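J.: So you can see what is in the structure, the chains are spelled out below.
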Amino acid sequence: MASHSHHAHDEQLTGEIPKAQTKGIWRVFVILCVLTAIEFAFAFFMEPGTLRNIIFIILTIFKAFFIVAEFMHLKHETKSLIWTILVPTALLVWLIIALVTEGSYYADAVFNYFK
Amino acid sequence: MSTTTTLEQPKTGTWDGGNEPMKASYGKLMMWFFLLSDTFTFGAFLTTYGLIRHRHNAYTGTSEDFVFSNAYWPIPEKVFNAFPGFHGVDLPLAFVALMTMILILSSVTMVLAVEAGHRMDKNDVQKWLLWTILFGSTFLACQAWEWSHFIHGSDQGLALADGSKIFGATLVQNEYGPVLFADLFFFITGFHGTHVFSGIVLLIIMFINTVNGTYQRRGHYEMVEKVGLYWHFVDLVWVFVFTFFYLV
Numbered sequence: 001m002a003s004h005s006h007h008a009h010d011e012q013l014t015g016e017i018p019k020a021q022t023k024g025i026w027r028v029f030v031i032l033c034v035l036t037a038i039e040f041a042f043a044f045f046m047e048p049g050t051l052r053n054i055i056f057i058i059l060t061i062f063k064a065f066f067i068v069a070e071f072m073h074l075k076h077e078t079k080s081l082i083w084t085i086l087v088p089t090a091l092l093v094w095l096i097i098a099l100v101t102e103g104s105y106y107a108d109a110v111f112n113y114f115k
Numbered sequence: 001m002s003t004t005t006t007l008e009q010p011k012t013g014t015w016d017g018g019n020e021p022m023k024a025s026y027g028k029l030m031m032w033f034f035l036l037s038d039t040f041t042f043g044a045f046l047t048t049y050g051l052i053r054h055r056h057n058a059y060t061g062t063s064e065d066f067v068f069s070n071a072y073w074p075i076p077e078k079v080f081n082a083f084p085g086f087h088g089v090d091l092p093l094a095f096v097a098l099m100t101m102i103l104i105l106s107s108v109t110m111v112l113a114v115e116a117g118h119r120m121d122k123n124d125v126q127k128w129l130l131w132t133i134l135f136g137s138t139f140l141a142c143q144a145w146e147w148s149h150f151i152h153g154s155d156q157g158l159a160l161a162d163g164s165k166i167f168g169a170t171l172v173q174n175e176y177g178p179v180l181f182a183d184l185f186f187f188i189t190g191f192h193g194t195h196v197f198s199g200i201v202l203l204i205i206m207f208i209n210t211v212n213g214t215y216q217r218r219g220h221y222e223m224v225e226k227v228g229l230y231w232h233f234v235d236l237v238w239v240f241v242f243t244f245f246y247l248v
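Top to bottom, those sequences are chains X and P.
My numbering numbers the first residue of the first sequence as 1 and each following residue consecutively.
My numbering numbers the first residue of the second sequence as 1 and each following residue consecutively.
For reference, chain P alone in the conformation it holds in the complex (with noise of 0.2 Å):
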């Protein structure tokens, strides 16, 4: 091999890519600007159950009276007033409270991978890492419990005009009031479920990456740090279809 090949130096120079202004990598920039478009598919699910609420008549008696109408939005804590083990049990949203809990304690959990991560404390990330992945997934099979319940319907069911009863709700046909009301309920909690299935899979990938110390011998635990920045996100928008979907 001749010995006058060389390899291109580094620029260094502050305008030839020698300078690094916001003193984060590519990979991390990368995530928050991936986080800010996924900002914006949100914020298109927001606008859009905003305005299918407006083009629906609110609820106006009292809560004691209220019955399951298609003439009307339905109020929430109404709807979602179940809870495992408890059949038949007026518990208005005690269940979507407790799996709120699960994915803030998921976000503090994976906090501390990313603080274990800087320390380069393997075993600490492993524990932490672990922490969260089943914390993410008991949210999860909370999910798929409140779909299934939500599908399946109350056993009174809702009585229609021409006498027949419908029991539960799907696509194109809803118990607890205008059908736009579940479809919405199963695109952005489903949206959502969605964000948090990958964000399990990356944790593995993460987990078992930890576990063979490839970022032990890289030097860093970056990589722990951008997909924590993801579920943080994911944690941040569950914060925001609570407040819609299941406050207000």
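If we strip away everything but chain X, and leave its shape as in the complex, we get (with noise of 0.2 Å):
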């Protein structure tokens, strides 16, 4: 009852609101635009291969961080949620990298043997 009825004029009573702060966003955008851009330089002006590859992946993990870390606001969190979400995150890249190294591994074996 009392929840709606003290709400009820909220909206004539907002007041002044405030001015937006974008400044840093739009610097957030800027940077996954350029990181974006330095990609495709790497995919057109070096030859495939595992550098490249690296520096692909790397790459990736800048554009991630600033996602997460600034639209996400996970930097802005407090230290536990960070770690409670990083933590399980690192696992499991552990996870993917064992599996497919192991898992080829095991793919190349078995299909050799049955040759």
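Heads up, some of the hints might be wrong.
[Unchecked claim] In silico DMTMM-like pairs for lysine to aspartate or glutamate, Cα to Cα no more than 20 Å straight-line:
1. X:K75 with P:E20
2. P:K23 with X:E16
3. X:K23 with P:D65
4. X:K19 with P:D124
5. P:K127 with X:E16
6. P:K28 with P:E222
7. P:K78 with X:E47
8. P:K122 with X:E16
9. P:K23 with X:E47
10. P:K226 with X:E70
11. P:K226 with P:D65
12. P:K28 with X:E70
13. P:K78 with P:D65
Simulated from the structure, these hints should not be mistaken for laboratory data.
Predicted model, so just to flag it, every value in this text is computed and none were measured.
Assembly of the complex is requested from the two constituent chains, each provided in isolation within its own frame, with the hints serving as guidance.
T.: Here it is, written out as structure tokens:
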């Protein structure tokens, strides 16, 4: 009951709306655009290979950092929340790397065995 | 009614629920944990992609001599080189670059909507939510075109040993390379596209609620923030799909 009676006129009573602070948001946008442009530069002007793939993955992690830290605001949350998200993610990255390398080896071994 | 009826008071002790160690609301925390679980789903896709790709031969020749064949994994920039309105022109990765920019831009307008929500600026929240819905829908439309082109294939098609020709890709045949390449394309970009679609539905609900003044009366725009988290996650997934499917 009380929850809607005293809020009824809020729309009229909001008063001054502060000015938007959007400089930081557009800065992150520019960073993401530049990182994507660098990725394209490498895609077209560098021969494919392990080194190029490593560069791609590093640039991707940089982009992911800016999206998660700034857009998703994780950088400004409490330490416990940051670690709650980052530790399982780190373990998952480990799992993916392990599954891909071990799985590739296993698949090759089975394939060669039945050849 | 008996006057002795008492409601249970909220517990305020540190170990009674009166403590908020992460300084985030229940809804926001649960959104974070959902996104974490979604990361595992996409991690499974990534693992599958890595394993299947490893089991196929890599193309070893030069980029100029590349032709489509089922014998090796194709070079992405040779597969994804079409642009709407430029039929037959070789524009490697141009369209996917445009899609990436659109999605990043939609993420920016989403943050701007959340920022406007912090200031209780209803008009700005509406404006930026509309932009986000617009960019998100544009991205989906682009993906629909990309799928359609991928399914219908190139003019020349791929000649098979028995003299027949196949055009485009389905789940069982693929003009551009191994069948599993097409399957992974459909599953990974399709799963991501489904996420974008869900995000747009949520954003439209947010927009209707904002127009109706639901959040203004509630006194905060946290719901927009929660959907914002989801939307940025979709953008984040695209960053990885883009790298592993189109670049590497």
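J.: All the hints need checking, so say for each whether the structure fits it.
T.: Comparing the hints with the structure gives:
The suggested pairing of K75 (chain X) with E20 (chain P) holds, with an alpha-carbon distance near 18 Å, which does not exceed 20 Å. Annotation: proposed proximity of K23 (chain P) to E16 (chain X) is violated, straight-line Cα distance about 27 Å (limit 20 Å). Restraint check for K23 (chain X) and D65 (chain P): not satisfied, since their Cα atoms lie roughly 47 Å apart, outside the 20 Å limit. With a C-alpha separation of about 11 Å, the suggested pairing of K19 (chain X) with D124 (chain P) holds against the 20 Å cut-off.
Proximity of K127 (chain P) to E16 (chain X) is assessed by CA-CA distance (about 19 Å); at most 20 Å being required, the pair is judged to hold. At roughly 8 Å between alpha-carbon atoms, K28 (chain P) and E222 (chain P) fall within 20 Å of each other, so this suggested pair holds. With a C-alpha separation of about 15 Å, the suggested pair K78 (chain P) and E47 (chain X) falls inside the 20 Å cut-off, and the hint holds. With a C-alpha separation of about 12 Å, the suggested pair K122 (chain P) and E16 (chain X) falls inside the 20 Å cut-off, and the hint holds.
At roughly 48 Å between alpha-carbon atoms, K23 (chain P) and E47 (chain X) are farther apart than 20 Å, so this suggested pair is violated. About 15 Å separates the Cα atoms of K226 (chain P) and E70 (chain X), which keeps this hinted pair within 20 Å; it holds. Between K226 (chain P) and D65 (chain P) the alpha-carbon distance is near 49 Å, which puts this suggested pair outside the 20 Å criterion. Between K28 (chain P) and E70 (chain X) the CA atoms are separated by roughly 16 Å; this keeps the pair inside 20 Å, and the hint holds.
Distance restraint check for K78 (chain P) and D65 (chain P): the Cα-Cα separation of roughly 11 Å lies within the 20 Å cut-off, and the hinted pair is therefore satisfied.
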